[in-house]
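*Asks:* The primary structure of each chain is shown beneath.
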Amino acid sequence: MSAVLFFIAAIGAITGAIGVVMLRNQFYSVLALVFHLVSLAALFLLLRAEFVAAAQVIVYAGAVMVLYVFVVAYVGGGEEVAGGRSGLSIFGPLLAIALAVELCVAVLGTALKGIGGKGAPYVPGFGTPEQIGKLFLTKYLFPFEVASLLLLVAAIGAIVLARRRRGLEPDAELTARYHPPRPAWTGTMAEAGGLTHFEDPAGQPEVKPAGQPEGEPVLGSQQ
Amino acid sequence: MAIGWYLVVSALIFAIGAAGVLVRRSPLVILLCLELMLNAANLALVAFSRMWGGEDGQVFALIVLVVAACEVTVGLGLIVAMYRRQLPIDVDDLRELQG
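Line order of the protein sequences matches chains H and U. FYI, the numbering for the first sequence is 1 to 223, going by this note's numbering. FYI, the numbering for the second sequence is 1 to 99, going by this note's numbering.
One thing to keep in mind: the hints can contain errors.
Which stretches of chain H does chain U cover? Using the computed rule of at least three CB atoms under 8 Å from a CB of chain U, they are [as the list claims (entries may be wrong)]:
{"#": "1", "stretch": "18 to 26"}
{"#": "2", "stretch": "38 to 49"}
{"#": "3", "stretch": "90 to 101"}
{"#": "4", "stretch": "133 to 147"}
No wet-lab data here; the hints were simulated from the structure. Even glycine gets a Cβ: it sits at the ideal position worked out from N, Cα and C.
Next comes chain U alone, as it looks inside the complex:
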């Protein structure tokens, strides 16, 4: 398959993830949609790595994987802390920082 197809799939997944971040209200699902967007970027990186014939893009994809794992850990820690303080698990109800 031509490399362009992979990039189109990557663009579609990224757009779906962006829609999820905008539409959903639960922070857990918003984290999942962030994962979708990071994965779309990973797919584009690996596709470009195949296009150029070097592994540098794959190394970059692995680093993105590590960063995504860190982001998940901290995000889930925040959600657990919110639950412990009995705050609503809803991004629309958490507007204390809004001026």
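Excised from the complex, chain H in its bound form:
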């Protein structure tokens, strides 16, 4: 039973990993990674690491992946340009296959006796939140505190990196946000009262009510 579950979860994890690399659409890549993470959580459960499996599903497959989906949607995602990087598209997979073979040889060729066995005898309570919490607050207290500091630094760093910097980026985005292009015959009361539509920075044709002469004052012009 355990062997069947192991092979299902392992094949799921490897399929998900291949999907992340092979799929052209970035959105599908993120979804493949979610599949991979859930399969990996099943492997963790088979290794009796309950708390790590739960943290994996909640933190990774939940929170971090939602962040990824947000950024893919913000940046536009879509298809990557066809054709990989020159040279690396041939040597990359070759290098990866060599790395996999080498790692397998190194792992299976070690003289570790435990590698062929099923692991240490199971004691009740192994891998539960209670045990992990005890270790975190006694033996590994310092790494625990450093991890919280690291999270703080990362949060502040992300805010500093992603904030809007005046002068570094063009104003077109701001202008487009405050004066979005509108379809014809929808507009403000000022336009209905005879003023023409502002000139729009995106270069779309200016919308004017019929019958208005040229040369009217332009409202809200940015130039």
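Since the structure of chain H is already known, use the hints to place chain U on it.
*Replies:* This is chain U only, laid out in the frame that chain H set:
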């Protein structure tokens, strides 16, 4: 299942992640492939923790999880900053630092 099988799966996932970092051009997908490699390391850590019968490896795996979350936050912040400055979202086009 023998612990060796878990380590083989971990090695395969790591190699797939390394191939992705080398082959793909979008920084978003490169970040995803880095996640794959960190997860492969996590799987090996948890497998060794099971082999020795102590939870120390699991604690290490959780710390790796925290570091991965930090790396994602900063990496996605960089990508958003690149998008704001209207730079191409492509690691091959961003070669200003190349001498």
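*Asks:* Are 3 or more residues of the stretch 133 to 147 of chain H near chain U, judged by a Cβ distance of less than 8 Å?
*Replies:* holds (count 6)
*Asks:* Are at least 3 residues of the stretch 90 to 101 of chain H within less than 8 Å of chain U when you compare beta carbons?
*Replies:* Our answer is that it holds, as 8 residues pass the Cβ test (under 8 Å) against chain U, meeting three.
*Asks:* Is the listed coverage of the stretch 18 to 26 of chain H by chain U valid when you require three or more residues with a beta carbon under 8 Å from a beta carbon of that chain?
*Replies:* holds (count 4)
*Asks:* Count the residues of the stretch 38 to 49 of chain H whose Cβ falls closer than 8 Å to any Cβ of chain U, and tell me whether that reaches three.
*Replies:* holds (count 7)
Comparing the model with each numbered hint stated earlier shows that all of them hold.
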